[in-house]
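Q: Take a look at the letters that make up each chain.
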Amino acid sequence: MAPLLDVRELAVDFDAPGGAVHAVRGVSFALAPGEILGIVGESGCGKSATARALLRLIDPPGRIVGGSVLFEGRDLLTVPAAELRAVRGGRIAMVFQDPAKSLNPVLTIGRQLAAAMRAHRRCTREQARARACELLADVGIADPQRRVDQYPHELSGGMRQRVMIAMALANEPALILADEPTTALDVTIQAQILDLLRRINQEQGTAIAFISHNLGVIAELCHRVAVLYAGRVVEMGSTEDVFRAPQHPYTRALLGSLPAPGAAARSRLTPVAGAPPVLTGAPRGCAFAPRCPRRIAVCDEQDPQLEPVRPAHLAECWVAQAEAAAPAAGGLAS
Amino acid sequence: MSVGAGSVAPRGGWRRRRAEALAASGAAVGPGRLALRRMFRNRLSIAAVAVLGAIVLAVVLGPFVWTADPNAQHLNLAVAGPSSAHPLGTDTNGRDMLARVLAGGRVSISISLAAVLIAAGVGALIGLAAGFAGGLLDAVAMRAMDILLAFPSLLLALAVVAAAGAGVVSITLAVAIPNVAFFARIMRSMVISVRERDYVLAARASGVRRSRILLRHVVPNSLSPVIVAMALVFGLTLLDVAALGFLGFGIQPPQSEWGTLLNDAREYLLTSPVALIVPGLAIALTALAGNLVGDALNDAFDTGR
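If you're matching them up, the sequences are chains A and B in order. Sequential numbering from 1245 applies to the first sequence in the working numbering. Sequential numbering from 4 applies to the second sequence in the working numbering.
No wet-lab data here; the hints were simulated from the structure. One thing to keep in mind: the hints can contain errors.
To be verified - Covered stretches of chain A, as calculated for chain B (at least 3 residues, CB under 8 Å):
id, region
1, 1324-1331
2, 1343-1354
3, 1357-1366
By construction, the Cβ of each residue, glycine as well, lies at the ideal position given by its N, Cα and C atoms.
Start from the sequences and build out the full structure, keeping to the hints where you can.
A: Structure follows, in structure tokens:
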């Protein structure tokens, strides 16, 4: 199937006094219609910058410096502003991390839902209100007739996020970009929101790009996963492959740092050693090399590229690629 | 709040009852109503609003109740002390002081009010444009405001009156112009902060037009400090109007105005102190009430965050 969204070599810089910070350094991934792709990585790895860049929502001092975002046959990075506006909220909707901050405190829920609709089609006040109630009911808000006239501060955090999702659904988009939509919520509400997203995906066939630093959430929801590190996709594959047989040392370290369900209560967690690199200037070699337990000489010299190491499973790692090419020579790592 | 134990229970009682009634009615509580509710929780705020309301009511309705002509001269009664016919006495021309104070208040307060509205309106528009557009427009507009702020406000007002004459319109503009920069700065800083809020980003991400974002999201969320400043500036403007009047650059005789009254009363200070005290007190009380209302609004809107 032709991909719905095809991102190629996307690059975003943030201008800073000490020189540009390369927050996103050539991210490529594709999303099929109806697919849920998880984008995972630690703080500052370029997750949010990537999501925002897809809709050209990067503000100065940030700027998109390269790549293409092919969506429904057009490159969103070059389409004229009017066309881009039609895509924003129309074909691609976005859900943000903190629903308390993403809703305007001075407008009722209904008016904000109506605004999202009326940005894309003409409809009367009554139609907008009726549709707003419908949407609120769809995302599982009880008593939508009353809620629609309330202000954000009168709703709980979980309800606010449901409202944000209702807003995203207002124009039946083909793709929802969810930027850490459950991070600001407590665990039970988190589970409800994940169920809701899964249901939307199944019932309406909406593709979802789900950004999170929470591996558990990703594992539960996503069909495929892209692991981001220092502004690059370092590993990509089906959720099962990536979690069961991680190929990149960073993914392994991430998974290894999770608390194991069976482990003794007082056992220590294993952190990923070191810290992410500072992304000014042009780094040479693999960005993960300084923290990598499996580093070999070439890692410091040349940039690895994202290449298949197993069927439909890609990794940007010299060692993993070498192992894939010569499975017998597994000793190369040490 | 330090309230006697005895008074707590019944007050808590009606508050709870009202809260329950509100909850039962299921009415949505908007931010405006929340702010009002917060404002009327403070006794000083209630007092300030009451005093300001009473003064405004007095100067608006007063002339209908106290029908003496503020400009009618009774030279045989000049500089008389308080009497039943003239509760505040008369001035050098035998004009009724109570009528003159009431008429003067109308002038002082309406000029101040108009000046505040003009300054806030023009200032907020400049601030909005500068803050939202940024870049060159922002730089040029804000440097212009800096220049405006470099002049002492009364001196600037005097210069405007000197250039344009001492009519009601020119006096209003004279006291309004120095405050434009103040409002522009407040609005600009709010717009710059609101512009970066997540709901603005969310609106952009859902394809809402820039003009709509400006009108629906940026303006309403930037206004509360401007409203607070309007109350504060009202008090200061009243003082400016009175100062112009006192210096003889304000409203010209025979029309009455609080600052002009003060200037007139200076001459017979010893024989009729009440003619000096009453307009002086009116100016001070109105300005003070304006400031207190400003503080109350500030607390109510929670702008000090």
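Q: Give a verdict on every hint.
A: These are the hints, each one checked on the structure:
no.	hint	verdict
1	1324-1331	holds (count 3)
2	1343-1354	holds (count 8)
3	1357-1366	holds (count 4)
Hint compliance for this structure: no hint is broken.
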